[in-house]
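Trainee: What follows is the residue order along each chain.
Protein chains: 2
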Amino acid sequence: MNWSVEDIEMMSRAIKLARQGLYTTQPNPCVGCVVTKDGQILGEGFHIKAGGPHAEVHALAMANSDSNLGAKGATAYVTLEPCSHYGRTPPCAEALIHNKLARVVVAVEDPNPQVCGRGIAMLRDAGIQVDVGLLQDEAYKINPGFMKRMETGLPWVTVKLASSLDGKTALANGASKWITGPEARRDVQRLRARHCALVTGVETILADNPSLNVRHSELGSLADRHSESDLHQPLRVVLDSRARVTSDLALFAIESPILLVSCDDYPAIEQQSWPSHVKQVKLNCDESGRVDLNELFKYLGKQCNSVLIEAGATLAGSVIAKGHGDELVLYQALKMLGSSGRNLITLPEYTAMSQIPAIKLVDERKVGADTRLTLDIRS
Amino acid sequence: MNWSVEDIEMMSRAIKLARQGLYTTQPNPCVGCVVTKDGQILGEGFHIKAGGPHAEVHALAMANSDSNLGAKGATAYVTLEPCSHYGRTPPCAEALIHNKLARVVVAVEDPNPQVCGRGIAMLRDAGIQVDVGLLQDEAYKINPGFMKRMETGLPWVTVKLASSLDGKTALANGASKWITGPEARRDVQRLRARHCALVTGVETILADNPSLNVRHSELGSLADRHSESDLHQPLRVVLDSRARVTSDLALFAIESPILLVSCDDYPAIEQQSWPSHVKQVKLNCDESGRVDLNELFKYLGKQCNSVLIEAGATLAGSVIAKGHGDELVLYQALKMLGSSGRNLITLPEYTAMSQIPAIKLVDERKVGADTRLTLDIRS
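Line by line, the protein sequences are chains A and F. Residue numbers for the first sequence follow UniProt numbering, beginning at 1 and rising by one. Residue numbers for the second sequence follow UniProt numbering, beginning at 1 and rising by one.
Treat the hints with care, since some could be wrong.
Below, simulated DSBU-like cross-link-like pairs (lysine-lysine); rule was C-alpha separation at most 30 Å, straight line [claimed, not checked]: (1) Lys141/F - Lys177/A; (2) Lys366/A - Lys37/F; (3) Lys16/F - Lys148/F; (4) Lys322/F - Lys302/F; (5) Lys322/F - Lys322/A; (6) Lys177/A - Lys100/F; (7) Lys148/A - Lys302/A; (8) Lys141/A - Lys366/F; (9) Lys16/A - Lys148/A; (10) Lys100/F - Lys366/A; (11) Lys49/F - Lys16/F; (12) Lys360/F - Lys282/F; (13) Lys72/F - Lys100/F; (14) Lys72/F - Lys360/A; (15) Lys141/F - Lys360/F; (16) Lys141/F - Lys366/A; (17) Lys360/A - Lys37/F; (18) Lys177/F - Lys37/F; (19) Lys100/A - Lys37/A; (20) Lys49/F - Lys360/A.
Quick caveat, the hints were computed from the structure, so don't treat them as lab data.
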């Protein structure tokens with residue numbers, strides 16, 4: 001298909017709009033929509049929050065708000081195939097038909113088995129011209145987690161690590177405040193906010209007693225764009241094979257959902273009465289007595305598009321070495337801690353350079369005095 | 001002083017010229033000179049090689065080559081104070097006086113005790129207007145080693161390291177071919193070529209059997225600009241406190257100078273008849289039985305402006321931890337080797353983050369698939 005300059009311009013705009021939902025749409029995908037007629041934008045919108053109106057509904061409402069114009073005969077640019085099913089909102093394909101659009105341009109088909117191709121078919125059956133595939137790669141990348149989960153049932157897995165230049169996370173005595181600067185630590189807040197779940201190990205919980213929530217006050221400019229209630233708080237998942245966490249830990253004081261995962265062969269100690277925001281689940285464990293990561297990601301894939309691993313060297317290393325990781329976000333500080341410091345990541349003892357994990361650079365930028373590397377670790 | 005636009009332009013050009021000597025002038029400093037009259041460049045030149053003509057001589061010869069013009073009444077822009085003493089060549093201050101220059105602009109005074117201020121005084125005594133300090137900082141930075149050595153008697157010390165993202169230099173079994181790519185390894189050749197001496201430890205020599213020379217064929221575009229004979233081969237210094245190296249090692253097959261440093265308390269084994277390019281010296285050793293680094297750098301400061309440390313984690317760590325290092329050049333590969341790999345650098349076991357070495361970023365760039373960080377480690 002030969003796309004016109006106007007097509008490309010409008011879809012670019014829709015993609016930019018879609019990205020505005022990055023921190024709020026979970027578990028829904030980010031979607032943007034622009035409605036035009038004769039090169040003029042009549043309406044635009046993006047999906048803000050699950051349960052709220054979809055991008056197309058916002059854009060159509062805006063187009064129809066001016067009585068002289070209206071969406072009839074217009075073209076809609078949508079970053080994701082319009083939905084065809086009744087969820088919490090009526091199907092967008094129906095809304096586009098009802099509004100008598102002449103043409104719908106779709107960047108990428110929806111891999112959701114409930115939608116896949118049906119939204120496009122509905123539109124075509126209603127006589128609307130539908131063109132598919134404009135800026136497909138860019139549109140796909142807005143929702144890597146949603147896409148992966150719809151295609152495989154597994155969530156997108158991001159591993160977050162922070163270290164010195166010589167690959168250390170703390171001094172030998174555990175001192176680590178702070179390896180990275182305040183800007184990098186604020187950036188981690190944004191990373192948390194755009195993941196559906198955050199996974200850590202019980203050792204990290206017992207050693208550092210973190211809250212693992214998204215703190216609105218530390219989000220910088222993001223806090224100006226999103227109210228505290230709009231922000232998504234990730235599900236906090238603690239891998240605690242031997243059920244060692246106790247309810248006095250900082251984690252539990254914050255009332256956003258927590259999932260405690262222990263091994264199914266472990267005789268559960270049910271003496272704890274957990275508050276309602278805490279859920280316990282038992283999963284198969286591997287030969288080393290740790291929660292089986294295959295089981296974990298399959299379980300999380302039932303509800304989550306994306307999972308952020310914020311854990312110690314062992315868990316982060318297992319996720320990468322066993323091929324579960326999609327992306328590694330590494331914050332690197334201009335410091336040297338020396339060989340007695342604590343290692344960044346535990347991997348199997350490789351005997352040849354050909355065995356080490358494959359890594360590709362996706363993005364590199366300064367975050368304050370530190371460097372943030374975004375790395376593709378899909379092997 | 002208010003410098004004119006022309007002044008700044010001409011001195012910038014002289015600085016650019018000076019830098020062309022970076023790989024050939026050792027142990028002399030890099031110097032550039034531009035001779036102008038009425039805004040027109042009559043001559044320019046830079047110092048190419050110790051023993052050859054200085055920058056001013058090249059520029060004056062060029063200015064005088066056209067009989068219509070000539071240097072009389074002209075302005076000379078020199079990046080370093082013109083020399084006032086007879087070395088291997090007559091003093092440049094004399095040449096400028098002899099050629100009846102009207103004005104000499106000097107970027108930075110020569111800290112060499114044999115010159116310091118005298119070149120400028122000679123010119124002024126001869127009635128030439130001398131203006132000092134134009135682009136001083138930039139000119140100083142062309143010759144950090146020469147400047148440091150003239151001021152302190154010690155050479156500029158660059159530590160070169162290469163590692164994975166998680167700070168490892170090899171797998172547990174020693175496999176390390178290759179952590180960094182061919183471009184980074186070629187860049188190390190250029191790094192060697194611009195240092196007066198290269199220091200390594202006997203462990204590295206025995207483990208890897210390196211040649212540690214500058215290979216003209218691996219210099220890339222630099223090889224086009226400099227013939228093999230013009231390039232400076234660094235003095236290869238091996239710290240071998242217990243005199244363990246043997247003459248069959250690859251190092252000795254190449255006939256550029258080698259300095260073997262052992263401890264003065266060690267009963268010398270003189271059975272080896274070293275070829276003429278190998279010199280042995282005994283220096284004080286420290287409490288751990290290793291060559292005392294203070295002694296080493298004082299010794300090397302007698303003949304070298306700059307020293308490159310290409311060594312293992314222990315020696316590189318000592319240089320940095322004991323405050324001898326000026327600059328760290330770290331090649332970082334997009335790889336993860338895991339905690340069982342070999343550590344990049346051995347530093348004392350610090351107990352607080354406030355004790356770790358100070359590091360400032362000077363330059364960061366891609367070298368092939370790797371990143372080269374240039375770091376200021378002067379504490």
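Trainee: Against each hint, give a clear statement of whether it holds in the structure.
Mentor: Comparing the hints with the structure gives:
1. Between Lys141/F and Lys177/A, the direct Cα distance comes to roughly 35 Å. Violation of the 30 Å bound is thereby established for this hinted pair.
2. As the CA atoms of Lys366/A and Lys37/F are separated by approximately 46 Å, the hinted pair breaks the 30 Å bound.
3. The straight-line distance between the Cα atoms of Lys16/F and Lys148/F is roughly 21 Å, inside the 30 Å bound, and the hint therefore holds.
4. A C-alpha spacing of about 20 Å is found between Lys322/F and Lys302/F, which places the hinted pair at or below 30 Å, so the restraint holds.
5. Distance hint between Lys322/F and Lys322/A is unfulfilled; the C-alpha atoms sit about 41 Å from each other, more than 30 Å.
6. Taken as a hint, the Lys177/A and Lys100/F pair is broken in the structure, with Cα atoms around 64 Å apart against an allowance of 30 Å.
7. With a CA separation close to 12 Å, the supplied pair Lys148/A and Lys302/A stays within the 30 Å bound.
8. Between Lys141/A and Lys366/F the CA atoms are separated by roughly 25 Å; this keeps the pair inside 30 Å, and the hint holds.
9. Between Lys16/A and Lys148/A, the direct Cα distance comes to roughly 21 Å. Compliance with the 30 Å bound is thereby established for this hinted pair.
10. At roughly 53 Å between alpha-carbon atoms, Lys100/F and Lys366/A are farther apart than 30 Å, so this suggested pair is violated.
11. About 16 Å separates the Cα atoms of Lys49/F and Lys16/F, which keeps this hinted pair within 30 Å; it holds.
12. Using a Cα cut-off of 30 Å, the hinted pair Lys360/F and Lys282/F is violated, with the two alpha carbons roughly 35 Å apart.
13. Of the pairs offered as hints, the one joining Lys72/F and Lys100/F holds, with about 5 Å between alpha carbons and a cut-off of 30 Å not exceeded.
14. At most 30 Å may separate the alpha-carbon atoms for a hinted pair to count; Lys72/F and Lys360/A exceed this at roughly 61 Å.
15. Restraint check: the Cα-Cα separation between Lys141/F and Lys360/F comes to about 16 Å, which is no more than 30 Å; the hinted pair holds.
16. For the suggested pair Lys141/F and Lys366/A, the alpha carbons sit about 25 Å apart, so the restraint of at most 30 Å is met.
17. Proximity of Lys360/A to Lys37/F is assessed by CA-CA distance (about 55 Å); at most 30 Å being required, the pair is judged violated.
18. Using a Cα cut-off of 30 Å, the hinted pair Lys177/F and Lys37/F is violated, with the two alpha carbons roughly 56 Å apart.
19. Our distance criterion of 30 Å between C-alpha atoms is met by Lys100/A and Lys37/A, whose separation comes to about 13 Å.
20. For the proposed pair Lys49/F and Lys360/A, the alpha carbon gap of about 43 Å is over 30 Å, so the pair is violated.
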